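Okay, here's what each chain looks like letter by letter:
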Amino acid sequence: MLVRRLQRLSLAVPAALLLLPFVLIVTLGGLWIALHGENLLEPGSSQLFVGLENFKHAISDATLRASIKVTVIYVVAAVACETILGVGVALLMWRHFWGKGIVRSLVLIPMVLTPVVAGLTWRLLMDPTAGTANYLLGLLGLGSDHAFLADPSTALAAVILVDVWQNTPYVVIIVLAGLESLPAEPFEAAQLDGATGWKLLRNVTLPLLGPVLSIVVLLRTIDAVKTFALTQTMTKGGPGTSTLAISNYVYRVGFETFDIGYSSALGLVTSIALVVLIFPFARRLMTGGRPGPARGGRR
Amino acid sequence: MGTRRVGRRDVLAAVAGVAVLAAAGCSGGTGASGADGGGKQVRVLMEDISYTDNIKSMLPEFEKESGIKVTIETVPYSDMSAKILQNFTQRSPYYDAVFTDNVFGSGYFASGYVVDLKPLAAKDTQYGSFDGFYQPYIKPMTTSEGAVFGLPVYGESTFLMYRKDLFQKYGITQVPQTTDQLEAAAKKISEATSGQVAGITMRGAPGIQSVYPWAGLLRSFGGNFFDGSGKIAINSPEAIKATQYWADLLRNYGPKGAANFDWEQNRIAFTQGKAAMTIDATANGPFNEDPKSSTVAGKVGYAPVPYAAGTTPSPADNTDNSLNVHALYLSKFSKNPDATYKFLSWATGEAVQSNAVKTVESVGVTLDKVLKGQAYAARYGKFQKAVLDQVSTGNVNYLPSGKDSNKIIVETGQALSSVLSGQSDAKAALDAAAKNLDGVEAG
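For the protein sequence lines, the chains are X and H, in the order given.
Position 55 (the first sequence) corresponds to 55 in the UniProt record's numbering; numbering is contiguous.
Position 127 (the second sequence) corresponds to 127 in the UniProt record's numbering; numbering is contiguous.
If we strip away everything but chain X, and leave its shape as in the complex, we get (with noise of 0.2 Å):
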């Protein structure tokens, strides 16, 4: 058994071997930067040893909390609209209809865009004195002169919505692709049942769809825990700290003031409850309710 065990985890050598070296030097080397007193601005500072001192600041710094919950509500949010939308679309373009091709590649197009420049674009849409959504509003007789990246109570929500228009593409092709490739006898054995529309997605489409609707939520939540540039680029992080998302602190930090060994005790941080939240639920997602051939042939 254990002979069995040690060829098994042999087999793992090469890649360890290839991997292990890149993120022990970059996992090291930060948490070295992080137990350092580094600021560019102070020659021999990066020489100071603090200790935990960065990462007992972490504990009682009140832009941290907030940047955490900013990040929390943003990802949930995304990532929830992101994926109802996404499937909804998708359903709808699953069937055969004239122009299909260029409705796809249509979709596409806010995801190919960088961040920066839907960013721009559309704070320049939200524009409260010449943007054109505030003209839309006040066609509609609901005002127009909204400012809405400027107000704490709606900026964070714009954002979201630029993320959402941006990203929902994406779970849009992967779903439409998993679709496609799903078997038709389900679907011919749940009609003959008697089993239409909303009963038929509910108990055949969806669970069908599992590991592709996991896959796609996974890759979707560690997106949006990164995102920066959007954010950056709309608000700044700003009014106040009702936008600012992790990564924005964490570039503050380090970028604007210079203070390199908590920046980089911050993202050492961050990176480590990312991993730590994500890689129970990558393992579930990736290895539980999937009809692998092994365990579908006992089942």
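Hint data in this document are derived by calculation from the structure and do not stem from the laboratory.
Since this is a predicted model, take the numbers as computed values, not measurements.
We put the CB at the ideal spot given by N, CA and C, even for glycine.
You may find that some hints are simply not true.
[Unchecked claim] Here are some, though not all, of the chain H residues that point toward chain X, as calculated from beta-carbon distances under 8 Å:
#1 Leu85
#2 Ala205
#3 Pro206
#4 Lys256
#5 Ala258
#6 Ala259
#7 Lys403
#8 Lys407
#9 Gln414
#10 Ser424
#11 Ala432
[Claimed, not checked] Computed list of lysine-lysine pairs in BS3-like fashion (alpha-carbon distance at most 27 Å, straight line):
#12 H/Lys407 <-> X/Lys56
#13 X/Lys56 <-> H/Lys427
#14 H/Lys369 <-> H/Lys118
[Stated by the list, open to error] Covered by chain H, according to a simulated footprint, are these stretches of chain X (three or more residues, beta-carbon under 8 Å):
#15 126-134
#16 148-157
#17 250-263
Following the hints, put chain H in place on chain X, whose structure we already have.
Same frame as chain X, now just chain H:
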């Protein structure tokens, strides 16, 4: 077929031969650089701004005259400090000189990254001496020990800009001299136009954007970044009052979206006639008066930043107008300090500055002779006096300088943004910022 193959080989051999010769030639070239600066190379990192464009356009003349080859790289001001520090902390000789404002420059000198220019200036007076600069501009580059660590390229102060036509139309006879009068004027115009024209506009975006004009009001109310003993004082009663005043002014009489305004958006709001007043840099003057892009050209008056009633202005140490000087600094790690100094003194010399006044946006030129010359008066006469007055009374410690300056500006800017957006009240926000800045002292 055979001959063709041989031919190809010949070509390859020839190419290889040329490459070897070229490499040898290159190394010979660098080895033979002259002792008088001829053949030397200088690389400078500069702000992407009109003054740099002017220097670039005249560079061939300098290169021909001196035999020094100059490479200029540009980045926007906002990315400047990160790029410069990366160079300095690596002790890299890549850039021989850098270009940024006194807030950072004084920190670089304190950190030993840039050198005292005095010994170099004593040797090389071809393009002028320190005496030629307008005194208020060279003073911030001079330490109490007498070292001079930068050559000023351009400078600015801050002032109040107001619409003379709107003041007349709505019966405001006195240009605001106190903060109460400022608020009353803003209120009057905002209410008389039902908010169509905002009473006043100022930058509200987090960070240096809002801190720069706000610092004027901080001083108007008698506040300062540091107390008498050099400890951080941004949560002093005066600072809280100033912040509350600033936030109320913008919330009640400012344009929608001011909380995200940076310099450009604020300038556009004013030059498009969407606001009756603004407090910002003297560099805004030419934009107001440019009939091609401004709808308010010829209608703008210029005045000092108002003080709070009861606060006596003390021009010596706490004036409420800034003095910001952008200068060229010589890197300690430069391998060619003599040639670099020659370039710096040429780039800030009379020929270059006179040409700037003729050809590019150049309200901030720094030589006494050019600033007070006819060409300057002909172009900037509408606000020349206001600019010179403000610069000569400007406060060089208007913003915190030294190694912690960025930290103070970022923390204060964060607090301002929270107050302006209503997320937090002035006391709580400034207390939080002061707590984060605990231990920071005047640099």
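Coverage assertion for the region 148-157 of chain X with respect to chain H, Cβ distance below 8 Å, three residues required
Answer holds; 4 residues pass the 8 Å Cβ test.
Annotated coverage of the region 250-263 of chain X by chain H, confirmed only when three residues or more have a Cβ within 8 Å:
Result for this restraint: holds, n = 6.
H/Lys403 as chain X interface residue, shortest Cβ-Cβ below 8 Å
4 Å, holds
Does H/Lys369 pair with H/Lys118 here, judged by a C-alpha cut-off of 27 Å?
21 Å, holds
Holds or violated: the region 126-134 of chain X covered by chain H, criterion of 3 or more residues with Cβ-Cβ distance under 8 Å?
holds (count 3)
Proposed interface contact between H/Ser424 and chain X, which counts if any beta carbon pair is under 8 Å
7 Å, holds
Take the shortest C-beta to C-beta distance between H/Pro206 and chain X; is it under 8 Å?
4 Å, holds
Assess, step by step, whether the Cα of H/Lys407 is no farther than 27 Å from the Cα of X/Lys56, and give holds or violated.
19 Å, holds
Restraint check, 8 Å cut-off on beta carbons, for H/Lys407 near chain X:
4 Å, holds
Can you verify the interface hint for H/Ala432: is its Cβ closer than 8 Å to any Cβ in chain X?
6 Å, holds
Closest C-beta approach of H/Gln414 to chain X relative to 8 Å, hint status
Result: holds, 7 Å to nearest chain X Cβ.
Cut-off 8 Å, beta-carbon criterion: hint that H/Lys256 touches chain X
4 Å, holds
The structure meets every hint from the earlier list without exception.
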